[in-house]
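Peer 1: Since the structure of chain A is already known, use the hints to place chain B on it.
Chains A and B are the protein sequences, given in the same order.
Quick note on numbering that gives the first Met the number 0: the first sequence kicks off at 0 and runs consecutively.
Quick note on numbering that gives the first Met the number 0: the second sequence kicks off at 0 and runs consecutively.
By construction, these hints were calculated from the structure, which means they are not laboratory data.
Yeah, the Cβ is synthetic: ideal placement off N, Cα and C, and Gly gets one too.
Hints may be right or wrong, so weigh each one.
Claimed, not checked - Partial chain B-side listing against chain A, Cβ under 7 Å, derived:
| no. | residue |
| --- | --- |
| 1 | Asp292 |
| 2 | Asn295 |
| 3 | Arg299 |
| 4 | Arg301 |
| 5 | Tyr423 |
| 6 | Val473 |
To be verified - Here are the simulated lysine to any residue pairs, SDA-like style, with alpha carbons at most 20 Å apart:
| no. | chain 1 | residue 1 | chain 2 | residue 2 |
| --- | --- | --- | --- | --- |
| 7 | B | Lys236 | B | Gly211 |
| 8 | B | Lys452 | B | Gln349 |
| 9 | B | Lys395 | A | Ala81 |
| 10 | B | Lys236 | B | Gly248 |
| 11 | B | Lys7 | B | Val83 |
| 12 | B | Lys7 | B | Pro60 |
| 13 | B | Lys395 | A | Lys266 |
| 14 | B | Lys6 | A | Pro254 |
| 15 | A | Lys272 | A | Gln262 |
| 16 | A | Lys266 | A | Ala5 |
| 17 | B | Lys395 | A | Ile87 |
| 18 | A | Lys272 | A | Val296 |
| 19 | B | Lys6 | B | Asp82 |
| 20 | B | Lys7 | A | Pro254 |
| 21 | B | Lys150 | B | Ala138 |
| 22 | B | Lys7 | A | Trp255 |
| 23 | B | Lys22 | B | Asp82 |
| 24 | A | Lys266 | A | Arg84 |
| 25 | A | Lys272 | A | Val347 |
| 26 | B | Lys236 | B | Glu134 |
| 27 | A | Lys272 | A | Ala85 |
| 28 | B | Lys452 | B | Gly374 |
| 29 | B | Lys236 | B | Arg209 |
| 30 | B | Lys6 | A | Trp255 |
| 31 | A | Lys266 | A | Pro88 |
| 32 | B | Lys22 | B | Ala512 |
| 33 | A | Lys272 | A | Leu256 |
| 34 | B | Lys6 | A | Arg258 |
| 35 | B | Lys395 | A | Val347 |
| 36 | B | Lys6 | B | Pro501 |
| 37 | B | Lys395 | A | Arg84 |
| 38 | B | Lys395 | A | Ser83 |
| 39 | B | Lys150 | B | Pro393 |
| 40 | B | Lys395 | A | Ala85 |
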Amino acid sequence: MTATGALFATEFDEPAPPRELPAVFTSGGDPEVLVADQTARGAAIVGRVQGASGAVMLKIRTGGRPVRVRVNLHVDAATQAAWSRAVIPGRGVRELPRLIMVRAQGTARAAALLSRRRGRLRMVEAHAWVEFDLGAQEMGADELLIIELADAGLPPWAASALSPLAAVGVRINRVEVTAVEGPADNLGGPPLDGASAQLAGLVSAGGLVGARGRTEGPARSRFVVLNAAGSTVRCRLRTTVASVPPEAFRHPTQPWLRRQQGQTVLKAVRVAKRGAGYALFEASPFTRPPDADRLVVRATHLVDGTDCPLRTTPAGPDLLDVLVERAGDGPVLLGLADPTAERARRRVSDIACQVVELES
Amino acid sequence: MWLTADKKAFEGFLDAASVYWRKNLGATPSQHYLVVEVFHQDIRVALRNLAVANAIRRIVPAQLVVVTGVEQMWHEALWTEFDVQLVRRLAEAYGASEVIDLYRLVEGPARSANPSGVRLELFGRPLVPGPPISEQTLAEFVSATYCRVTKRPRAPEDPTADPRYQRRQALAQAISSAYDALLGNGSAVALVTSHVDYDHWGLAVDSARRAGVPVVHTQQTGCLKAYALFPETDTGKHTFRGELTQQIGAFFAERVWSRREEVRRNAELVAWRSKVNLGRPSWWRGGASASVDINNSAERARLRTHFAAQLGFDPARPVVAVFNHAVSDAPGTNHQSFPTLADWFEQTAQFASTASQVQWLFQDHPSQFRYDSTGFFESVAARYGRHRHMVFQPSKDLSKNGLWSLVDLGVTVRGSVSNELPAYGIPVIQAGWSEWSECGLSTVVHDPETYWKALDSAIGALGSGEELISAEQVERARLWLWFYRSATDLFTPQVPQWEVWPADYLLKSVQVAFRHIESDADPLFEAVERMWNRREPVLTRTDLHRPGGAW
Chain A
0 MTATGALFAT EFDEPAPPRE LPAVFTSGGD PEVLVADQTA RGAAIVGRVQ GASGAVMLKI
60 RTGGRPVRVR VNLHVDAATQ AAWSRAVIPG RGVRELPRLI MVRAQGTARA AALLSRRRGR
120 LRMVEAHAWV EFDLGAQEMG ADELLIIELA DAGLPPWAAS ALSPLAAVGV RINRVEVTAV
180 EGPADNLGGP PLDGASAQLA GLVSAGGLVG ARGRTEGPAR SRFVVLNAAG STVRCRLRTT
240 VASVPPEAFR HPTQPWLRRQ QGQTVLKAVR VAKRGAGYAL FEASPFTRPP DADRLVVRAT
300 HLVDGTDCPL RTTPAGPDLL DVLVERAGDG PVLLGLADPT AERARRRVSD IACQVVELES
Chain B
0 MWLTADKKAF EGFLDAASVY WRKNLGATPS QHYLVVEVFH QDIRVALRNL AVANAIRRIV
60 PAQLVVVTGV EQMWHEALWT EFDVQLVRRL AEAYGASEVI DLYRLVEGPA RSANPSGVRL
120 ELFGRPLVPG PPISEQTLAE FVSATYCRVT KRPRAPEDPT ADPRYQRRQA LAQAISSAYD
180 ALLGNGSAVA LVTSHVDYDH WGLAVDSARR AGVPVVHTQQ TGCLKAYALF PETDTGKHTF
240 RGELTQQIGA FFAERVWSRR EEVRRNAELV AWRSKVNLGR PSWWRGGASA SVDINNSAER
300 ARLRTHFAAQ LGFDPARPVV AVFNHAVSDA PGTNHQSFPT LADWFEQTAQ FASTASQVQW
360 LFQDHPSQFR YDSTGFFESV AARYGRHRHM VFQPSKDLSK NGLWSLVDLG VTVRGSVSNE
420 LPAYGIPVIQ AGWSEWSECG LSTVVHDPET YWKALDSAIG ALGSGEELIS AEQVERARLW
480 LWFYRSATDL FTPQVPQWEV WPADYLLKSV QVAFRHIESD ADPLFEAVER MWNRREPVLT
540 RTDLHRPGGA W
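Bound-form chain A, shown alone:
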């Protein structure tokens, strides 16, 4: 191979020195964020994905040590607007949960499931953390770390319930890279509760809420991503119901609706519709949690696409213990379905689940 690339530089490029560990990236304008591919750089965040997939390339000096990478993803109203611009959803299309695969150095590492909760009036933004370790060899002498957000290959049983082009508009709020000291994982540790498991990036069940993205918030979707290491992962789920997501935001096409006043009217209509939908859900007979023993649980490994064997044990009226076995490391998508009740409740409510406990 020729040394193509050597002539990409001009006299006006400024060489960026690598950032030392522990490295925290919170701005896309930093010189160590070398590349923002299909990603708009941010000032107070690293960036926002603008295409079907987006990537950032960071320059970090790891000194040959293994490192732990934590990435904070975030879905807000602008995410939805960007998504709407790319997908152009038709009438009646709902804002579905986004399953996002995070790759580093070209390999799938972890996945995140982000879903905005429909509040009474507003949509609640969702944060997700993913965390993964890179071996000493995976960061080469070039000191470059490339992190990509992309669609995960959806298993057919989940494809219609999760958003297409999931990465469009998603924010990469921050990236933290630290040296790994001691043993690389916490296998066999004490079980974690849902919020800490999501904060540690071991599971992802819709994301965390709150201004700093630290609290769990109510259950939003019937999917959970398991990122925890280990050949078996046990998690206890609390099953409940949530209102179905509202209609996806659509950009107005009429010129008069694009103007300021039109936008205000549209916004009011959206809020009213959301509130009405929520009220309908609360008044409906479908707010009772589903019977845990009627639920069908499926799990698919997101890297190789194979179904994972699992065992479910009801642990209470609305509690379900799920034990997933998997052949290799990598995120597993877990989904609940209630085939008997699906049709009746589809327009108003959907079953949802929350991680209560995780053990790997």
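Peer 2: Leaving out everything else, chain B in the frame of chain A:
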């Protein structure tokens, strides 16, 4: 004309323009006239043409004649709205004494048995047409226009079976004779046109060249860019663009390459800035997927691994990218190694299927939907779908970073990648001529035989790790970027940069120029005068005089 501007703003602009030109040009009692076309709906295109035209009229006293019009087939292929009345008002504000609605003029003759019998009167006197166009040239224009308006890569075997073809043929005959009357009678001093292809533009250029009338070709990018072909320098051997290719090559060698030491740093700056939006001059790509952030081999290699995995390529093996052009875009407008762009692409794909020592990335043109209704790219892709070393995809599926980290050799006919890639050290083979093809930045081949040879030897060199591009080619490519983006991009308050948009902003900005800026030493007048008097092929921002010469 398509103009979503505020009515009041437009009126104010017209008022300012008409006062400005009345005072700056005065009455022109001359019997001579200058012909300008306004066939494009975008007002930015019209403004460029009219500004250049009036600058010429300051040197050569002449009346202004504007040719415009709208036609059904073109309307479907290109325009969304076109309002001849708006064009008329704009033209009159710029001092036009006649506005000819070409398609209304030729409609009757084109439907009659004798399409060439167009009668044209100007200033109350009938015009005597010059010698007519040759049958063969006319047939080429008809075929090219037919392919474009019907969005197909090549004309069918018996095109006369299609009534649309016959219609285009009759129209072309009528248009050509109208232009012969307008430009061939000895009174026309120049033709200013935004395009040089297809019937209503190309036939005007052809008539002008046969009649020895200078042709100025404005460009739809940057501030004000224009090329010119003067009868004194026209060899008549090539198409309009072919002649320009040669002249620009000579101009570049004499005026730019000789100054390379002097402008090196400027060229570096343009090269640096160009990384941010390499889609230019192709205005179809912008935003976050249009920038190249790579600075060195290590960064490129890392990204390459990443993107190769997406496409199923092996990052350790060379990648050749073939850039499909918009297939019906101006067929035959310049020298091509293959009869059509489609032939070139199909045969290259066939060649690639047997050359599995490298990996091939076939990129479709991002605006292809405007140029092809036959699914040409998809049909070729389907033919070679089983080959794992060949990937076909629309251009926008891959970001610029992705593309530039993967490509080790670019192959195109006349695409702008052939001046962008070499500026950053990636070699390109061009199977045809373009504006820059004589400037020594790419490998230009003239016929299929040398094309296959060039591909063969390039693939061999890629395999053995030889450097395919020389330092001089990179330097020339960066100088070309400077030449294209800076030296030949004239900024004048009368013609704001292409990006000054929407229309309200544009009109306001030009209106301010007309109302508030005194016209003395307006760069527009100076630059056009320089180009006109010295018979230079290109409008320049500064005086790039001959080294050692008086100019």
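Peer 1: Give me the numbers of the hints this structure contradicts, sorted from smallest to largest.
Peer 2: Numbers 12, 13, 16, 18, 23, 27, 28 and 35 - these are the hints that the structure violates, sorted from lowest upward.
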